[in-house]
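Engineer: Listed below are the residues making up each chain.
Number of protein chains: 2
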Amino acid sequence: MPTTPQAFTGLSAFPLTPADESGRVDTDALQRLLARIVEAKVDSIGLLGSTGTYMYLSREERRRAVKAAIECVAGRVPLIVGIGTLRTDDAAALARDAAGADALLLAPVSYTPLTEEEAFRHYEAVAGATDLPLSIYNTPSTTHFSFSEALIQRLAGLANISAIKMPLPKDGDFAGEIGRIRATAPSGFAIGYSGDWGCPSALLAGADCWYSVVAGLFPKPALALARAAIAGDAEETARLERAFQPLWDYFKAHGGLRASHAAATVLGLKVGPLPRPLLPLGPDALASIETAITGLDA
Amino acid sequence: MPTTPQAFTGLSAFPLTPADESGRVDTDALQRLLARIVEAKVDSIGLLGSTGTYMYLSREERRRAVKAAIECVAGRVPLIVGIGTLRTDDAAALARDAAGADALLLAPVSYTPLTEEEAFRHYEAVAGATDLPLSIYNTPSTTHFSFSEALIQRLAGLANISAIKMPLPKDGDFAGEIGRIRATAPSGFAIGYSGDWGCPSALLAGADCWYSVVAGLFPKPALALARAAIAGDAEETARLERAFQPLWDYFKAHGGLRASHAAATVLGLKVGPLPRPLLPLGPDALASIETAITGLDA
Numbered sequence: 001m002p003t004t005p006q007a008f009t010g011l012s013a014f015p016l017t018p019a020d021e022s023g024r025v026d027t028d029a030l031q032r033l034l035a036r037i038v039e040a041k042v043d044s045i046g047l048l049g050s051t052g053t054y055m056y057l058s059r060e061e062r063r064r065a066v067k068a069a070i071e072c073v074a075g076r077v078p079l080i081v082g083i084g085t086l087r088t089d090d091a092a093a094l095a096r097d098a099a100g101a102d103a104l105l106l107a108p109v110s111y112t113p114l115t116e117e118e119a120f121r122h123y124e125a126v127a128g129a130t131d132l133p134l135s136i137y138n139t140p141s142t143t144h145f146s147f148s149e150a151l152i153q154r155l156a157g158l159a160n161i162s163a164i165k166m167p168l169p170k171d172g173d174f175a176g177e178i179g180r181i182r183a184t185a186p187s188g189f190a191i192g193y194s195g196d197w198g199c200p201s202a203l204l205a206g207a208d209c210w211y212s213v214v215a216g217l218f219p220k221p222a223l224a225l226a227r228a229a230i231a232g233d234a235e236e237t238a239r240l241e242r243a244f245q246p247l248w249d250y251f252k253a254h255g256g257l258r259a260s261h262a263a264a265t266v267l268g269l270k271v272g273p274l275p276r277p278l279l280p281l282g283p284d285a286l287a288s289i290e291t292a293i294t295g296l297d298a
Numbered sequence: 001m002p003t004t005p006q007a008f009t010g011l012s013a014f015p016l017t018p019a020d021e022s023g024r025v026d027t028d029a030l031q032r033l034l035a036r037i038v039e040a041k042v043d044s045i046g047l048l049g050s051t052g053t054y055m056y057l058s059r060e061e062r063r064r065a066v067k068a069a070i071e072c073v074a075g076r077v078p079l080i081v082g083i084g085t086l087r088t089d090d091a092a093a094l095a096r097d098a099a100g101a102d103a104l105l106l107a108p109v110s111y112t113p114l115t116e117e118e119a120f121r122h123y124e125a126v127a128g129a130t131d132l133p134l135s136i137y138n139t140p141s142t143t144h145f146s147f148s149e150a151l152i153q154r155l156a157g158l159a160n161i162s163a164i165k166m167p168l169p170k171d172g173d174f175a176g177e178i179g180r181i182r183a184t185a186p187s188g189f190a191i192g193y194s195g196d197w198g199c200p201s202a203l204l205a206g207a208d209c210w211y212s213v214v215a216g217l218f219p220k221p222a223l224a225l226a227r228a229a230i231a232g233d234a235e236e237t238a239r240l241e242r243a244f245q246p247l248w249d250y251f252k253a254h255g256g257l258r259a260s261h262a263a264a265t266v267l268g269l270k271v272g273p274l275p276r277p278l279l280p281l282g283p284d285a286l287a288s289i290e291t292a293i294t295g296l297d298a
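Residue numbers (the numbering used here), protein chains in the order written: chain A, 1 to 298; chain B, 1 to 298.
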């Protein structure tokens, strides 16, 4: 019976990738962000996710980020690396570049919209280029690709494809969705969610993993919340969530990347500019995030 | 009074970019495709559009394609070059790489969805990096970015931004949409459409340009159709369109890129494989396109 890779269970923290205006990664600043997360003892780290601006970094800069992250976290916290890109051969190369990490995360990034068969073959080719376990990055808000449950079932049957990172279900029915995926996936296939404001509920409903943007900046309080939800303690989960509510509102309003960048600025962390064309939030938004994080132990 | 750049009026033909499996452009095959188009005397050529798989080619390969195209068409047909990419600095570099062409086409390619302000600043920065006239590539089916008419108005006011390539209006009201854009844009701002099956109607309604995928492969019959529509001859336009109807159906069913690639294969033109993850259409589709093009003079 396949076992679930440890990287895809519990709380996975997704940090920003500090870089300069030209897209050169600041590996020292990245290691400082990672050290804060390692110290909090989260269950895994998701390097180069959407919040880690992976699509805005060259192959060489992604490689530098991976190397710096491995130096900092190897043997301490499992490291997941995002390897999404448009071309199948390039994604396979990024998978090979991530050797030394513990797991991979692959989004079906597209320009010409993909058919289900094209997405399937893309995953098959990239998973075949690596020995690392891979999570399907189901992120329709950025890729605009929708996975059918039939495609998820087909992908879950491939060797190396061990997990999925789901968006929040529109109907809020985590238990129903998790049950349907588990019914056809091999045992050990890990089902996780992103969209921080919905994830404590996902864990309470039996999800394996919370892929978290806020845990990239607030790993301690996010971990306490995740632990309560994983333990099935609905009351304690609700109590801890109240402190997060202003932050959830903020993230829903501005999106994970811009909101994280603003929060990092308020926390005094060095993260560099957002990659243009993305613009930082204005002074009003910065003031409101300062209020939103008052109750959290950063 | 600004004059409309010639590149953005009449029939603009968008060819495929032949390349091998690794994404290396076959410049000889590209020049052969371009020579067919030049010979038909279309009004402009759109290199590295969506059908030209620009997003799947590296900067170096795009540069090779531009150089080969300039060698082939300079002084004979105005050349538009697609320069879309995720990062603003990279798009500005691509604009500079296209020196020697006649005009540029810029789509707001995104991963993190862009705000209107971010899109505006992106265009402003890229237009500021070049002296060439630029057309706004409004292609929500691939970029998932929607231009408001207010944003189009703001962009049309920037120096160098001389034109827009619009998707077909959902309500089919070309005259209404063209009228609204003309009412606020500087004189000489050129309004064109893509979505071949709707473009003869757009020209009849007063659009300046038909940005055409089919003209990349069937430039002669497409030009005859464009000339009838530009002359305002609705009857002749309808007569000529009847021969295109099976091809319109085919393009609607499969998308411009996959349909073009299949049609090129049937015509015996060397275009190489589609960039993976994109897959070629199957044998049934190839047979049906063979029927669809029987009535056209390729």
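Some clues are possibly wrong.
Unchecked claim - Some but not every residue of chain A turned toward chain B, in silico, with C-beta under 10 Å:
id: 1; residue: G23
id: 2; residue: Y56
id: 3; residue: P113
id: 4; residue: G256
id: 5; residue: L267
id: 6; residue: K270
id: 7; residue: G272
id: 8; residue: L274
Said to hold, decoys possible - Listing some non-contacts, in silico: residues in chain A with all C-beta distances to chain B over 10 Å:
id: 9; residue: E21
id: 10; residue: G179
id: 11; residue: P221
id: 12; residue: G255
id: 13; residue: G268
Think of the hints as simulated: they come from the structure by calculation, not from any bench. Yeah, the Cβ is synthetic: ideal placement off N, Cα and C, and Gly gets one too.
Engineer: Tell me if A/K270 is really an interface residue toward chain B, meaning its C-beta lies closer than 10 Å to one of theirs.
Structural biologist: violated (21 Å)
Engineer: Just checking, A/E21 versus chain B, shortest CB gap more than 10 Å?
Structural biologist: Violated, since 8 Å does not exceed 10 Å.
Engineer: Take the shortest C-beta to C-beta distance between A/P113 and chain B; is it under 10 Å?
Structural biologist: OK, holds: A/P113 within 10 Å of chain B, min 7 Å.
Engineer: Does A/G256 meet its interface restraint, that is, does its C-beta lie within less than 10 Å of any C-beta in chain B?
Structural biologist: Holds - the Cβ of A/G256 comes within 10 Å of chain B, reaching about 9 Å at its closest.
Engineer: Mind verifying the non-interface call on A/P221? Its CB should be farther than 10 Å from each CB in chain B.
Structural biologist: A/P221 clear of chain B: closest Cβ-Cβ about 25 Å, beyond 10 Å.
Engineer: Next item in the hint list is A/G272. Is there a CB on chain B closer than 10 Å to its CB?
Structural biologist: violated (14 Å)
Engineer: Closer than 10 Å between Cβ atoms is the bar; does A/Y56 clear it against chain B? Give me holds or violated.
Structural biologist: This interface hint holds because 6 Å falls under the 10 Å limit.
Engineer: Under 10 Å is the threshold here; is the Cβ of A/G23 close enough to any Cβ of chain B for the hint to stand?
Structural biologist: Because about 7 Å separates A/G23 from the closest Cβ in chain B, which is inside the 10 Å limit, the hint holds.
Engineer: Would the least Cβ to Cβ distance between A/G255 and chain B come out above 10 Å?
Structural biologist: violated (7 Å)
Engineer: Using Cβ atoms and 10 Å as the threshold, tell me whether A/G179 really stays out of contact range of chain B.
Structural biologist: At about 30 Å from chain B, A/G179 clears the 10 Å cut-off, so the statement holds.
Engineer: Please check whether the beta-carbon of A/G268 is more than 10 Å away from every beta-carbon in chain B.
Structural biologist: holds (24 Å)
Engineer: Any CB of chain B closer than 10 Å to the CB of A/L274?
Structural biologist: holds (9 Å)
This entry does not satisfy hints 5, 6, 7, 9 and 12, going by the numbered hints stated previously.
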